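So the protein lines, in turn, are chains A and B.
With the first letter of the first sequence counted as 1, position 22 gets the number 22 in my numbering; the numbers rise by one all the way through.
With the first letter of the second sequence counted as 1, position 60 gets the number 1060 in my numbering; the numbers rise by one all the way through.
Just so you know, these hints were derived from the structure itself, not from any lab.
These numbers come from a predicted model, not from an experiment.
Virtual Cβ for every residue (Gly too), placed ideally from N, Cα, C.
Take the hints with a grain of salt, since some may be wrong.
[To be verified] Stretch-level coverage of chain A by chain B, calculated; a stretch enters the list once three of its residues show a Cβ under 8 angstroms from a Cβ in chain B:
| # | segment |
| --- | --- |
| 1 | 11-25 |
| 2 | 55-67 |
| 3 | 98-110 |
[Claimed, not checked] If you anchor each label on the Cβ, the simulated ranges turn out as follows:
| # | chain 1 | residue 1 | chain 2 | residue 2 | range |
| --- | --- | --- | --- | --- | --- |
| 4 | A | E93 | B | S1157 | 22 to 28 angstroms |
| 5 | B | S1106 | A | P104 | 50 to 56 angstroms |
| 6 | A | E73 | B | R1077 | 16 to 22 angstroms |
| 7 | B | E1217 | A | E14 | 44 to 50 angstroms |
| 8 | A | K4 | B | I1045 | 20 to 26 angstroms |
| 9 | A | D18 | B | R1077 | 24 to 30 angstroms |
| 10 | A | P104 | B | G1048 | 33 to 39 angstroms |
| 11 | A | E73 | B | G1099 | 16 to 22 angstroms |
| 12 | B | K1181 | A | G60 | 18 to 24 angstroms |
| 13 | A | K117 | B | L1014 | 46 to 52 angstroms |
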Amino acid sequence: MEKKVKILVVDDEENVLDFLKEVVESQGYSFLSARSGREAMDKIKEARPNLVLLDVVMPGIDGLEVLRLIREEDKGLPVVMLTAYGTSERIKEAMGLNISGFIPKGASVKEAVSKIKTVLNVSLK
Amino acid sequence: MVIKQYSKEELVTLTRQIVSGKLAGTITHKAKNILMPITGYVELIEGGVSSEKQKKYFEKIESSGKRLQLLLKSFLRFSRASNAGGRGWQGLEEIDLSGLIEEIVSLFEDHITISKVTLEKEIAPGAGKVCGVYGDISLIIASVLLNAIEASPQGGSIRIVGEGLSISIDDDGPGVSEETKNKIFEPFFTTKQGSLGIGLTTGLFLARGMGGDLVLEGKNKFIVSLCQKKY
């Protein structure tokens, strides 16, 4: 049996996690979630997701710091940043850490799904 | 060069505009986080889902909508609050201190996260009703809180405590030096780049206008004291 693609969503907003769970599962992927940077790192080590959707602004360890920690462990894990608010410096900084793209929090479901599929198609080839 | 002399009322209005302006970006951030599922669930429903899911999504849309409404209502209430502007005892009302602290803190939530500090909030069971003007008290707390956030190092923490008829806010930043202690309430005195230096002046003026006070205790702790309702 083919293994399900696992997507880890990291966001401190519960309503965003609930919603993205519906989106991710509607596409037949397996949904994993983390509400903090520390929890995200634990989940990555434990569950080995195929893709991480990572919020930039989070209390404690923020998205960019999580991204740095991910890159120390795994240089190739696809990471797409979720942004509701981002300065150009932060975006530039994230680009330098080899991300697979951005999903703005104002994006439609169609756009978000399209981005996820594009990244997975490239990484699972 | 002519420097305009501001009246106290103008200083209050200017302070409110500055604080509202600084909060606007992070309120937008919070609103976008709430809006994302609202528009998203609508799109999922339009795409066709089971009636069970449809019911669940409608409930989520409704609760997010209410949350957004509350956020915008609080922000408008703060940014458009009328100022008593030190008109003494005129227009004083009974205000629940704990509710007011909760409301102001909720407006600052994302600002605190983005500033990479943490906020500990403690409302003692004895935090009671005070006599004041909502707009004035909220502006004093917001100005002092904003100062604390800007003075805190990354990873620093701020404590806001409501007890009895007072609110204290302290941070673990470097604090106010002995040399500047006497000047911090003077208008346009600032040690921060890009700051006008009117927040504490306004806070002191508004607190005293309601029969209360704003004082610095030690190097880092500001205490706003207010009065009890007069019958």
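Each hint tested on the structure:
1. 11-25: Our answer is that it holds, as 8 residues pass the Cβ test (under 8 angstroms) against chain B, meeting three.
2. 55-67: With 5 residues closer than 8 angstroms to chain B, the segment 55-67 of chain A meets the three-residue bar; holds.
3. 98-110: Held - the segment 98-110 of chain A has 5 residues with a Cβ nearer than 8 angstroms to chain B, which meets the minimum of three.
4. A:E93 <-> B:S1157: 22 to 28 angstroms: Roughly 25 angstroms apart at Cβ, these two residues keep to the hinted range, so it holds.
5. B:S1106 <-> A:P104: 50 to 56 angstroms: This hint is violated: roughly 24 angstroms between Cβ atoms.
6. A:E73 <-> B:R1077: 16 to 22 angstroms: violated (46 angstroms)
7. B:E1217 <-> A:E14: 44 to 50 angstroms: For B:E1217 and A:E14 the Cβ distance comes to about 38 angstroms; the hint is violated.
8. A:K4 <-> B:I1045: 20 to 26 angstroms: Holds, at about 25 angstroms.
9. A:D18 <-> B:R1077: 24 to 30 angstroms: holds (28 angstroms)
10. A:P104 <-> B:G1048: 33 to 39 angstroms: violated (25 angstroms)
11. A:E73 <-> B:G1099: 16 to 22 angstroms: violated (45 angstroms)
12. B:K1181 <-> A:G60: 18 to 24 angstroms: Hint violated: Cβ distance 33 angstroms, outside 18 to 24 angstroms.
13. A:K117 <-> B:L1014: 46 to 52 angstroms: holds (51 angstroms)
When held up to the earlier numbered hints, the structure conflicts with 5, 6, 7, 10, 11 and 12 and fits the remainder.
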